[in-house]
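Undergrad: Use these hints to put chain B onto chain A, whose structure you have.
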Amino acid sequence: NAGVTQTPKFQVLKTGQSMTLQCAQDMNHEYMSWYRQDPGMGLRLIHYSVGAGITDQGEVPNGYNVSRSTTEDFPLRLLSAAPSQTSVYFCASSYSTFNSEAFFGQGTRLTVV
Amino acid sequence: AQTVTQSQPEMSVQEAETVTLSCTYDTSESDYYLFWYKQPPSRQMILVIRQEAYKQQNATENRFSVNFQKAAKSFSLKISDSQLGDAAMYFCAYRSANEGGSEKLVFGKGMKLTVNP
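Residue numbers (my numbering), protein chains in the order written: chain A, 1 to 113; chain B, 1001 to 1117.
Isolated chain A, as found in the complex (with noise of 0.2 Å):
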């Protein structure tokens, strides 16, 4: 009963640092995404995937990477931490059908000083 699960949830970097989001789901989703929230932005989608092997770029890709080599885990690589990535991130799952509901992660707060 596991759903989707991120770690870490809490993280501090320096600027320049570089660290890897883990994001898990156990229900063999195909779909999975990442987002950035930001204060009063919303949730803003980084990167996705609509399966193993396949990913793209999302509203705002740039400082970030991700693959996906098994349908369980999509990890979000910060390459060069900057300020500017200060923000809560979560991951999300979903079946590919159309009305399916987007189970989220419980995110990971993470300051870049």
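Since the hints were derived computationally from the structure, they do not count as laboratory data. None of the values given here were measured: they were computed from a predicted structure.
Cβ-to-Cβ under 10 Å is the rule here; a few derived chain B residues that face chain A:
1) Val1004
2) Pro1009
3) Arg1050
Ideal Cβ positions, reconstructed from N, Cα and C, are used throughout, including at glycine.
TA: Same frame as chain A, but now just chain B:
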């Protein structure tokens, strides 16, 4: 590209009363889905209700109901008998029903609802 607009950043309601949250969207598509998500202080995103654009009947889920006006591109959420646990951020979201668009949600900026005892 589709856009979702929530024009009221904050609202408050007295416990047990009714409140309506507004949402408008812009799209050239005829088939799509609309959602309301709730985000309490725990940060968890929780689906409140969904509406298929091809259905004329408004969706309801217990105390939550929507007023879907397709021609006006309006999708408001009504919360009846408001409870303290309804206090949260509420996000309106759009999902295309077309290939090449259905894999992502487009969100509004959100609205903070306060429930006063």
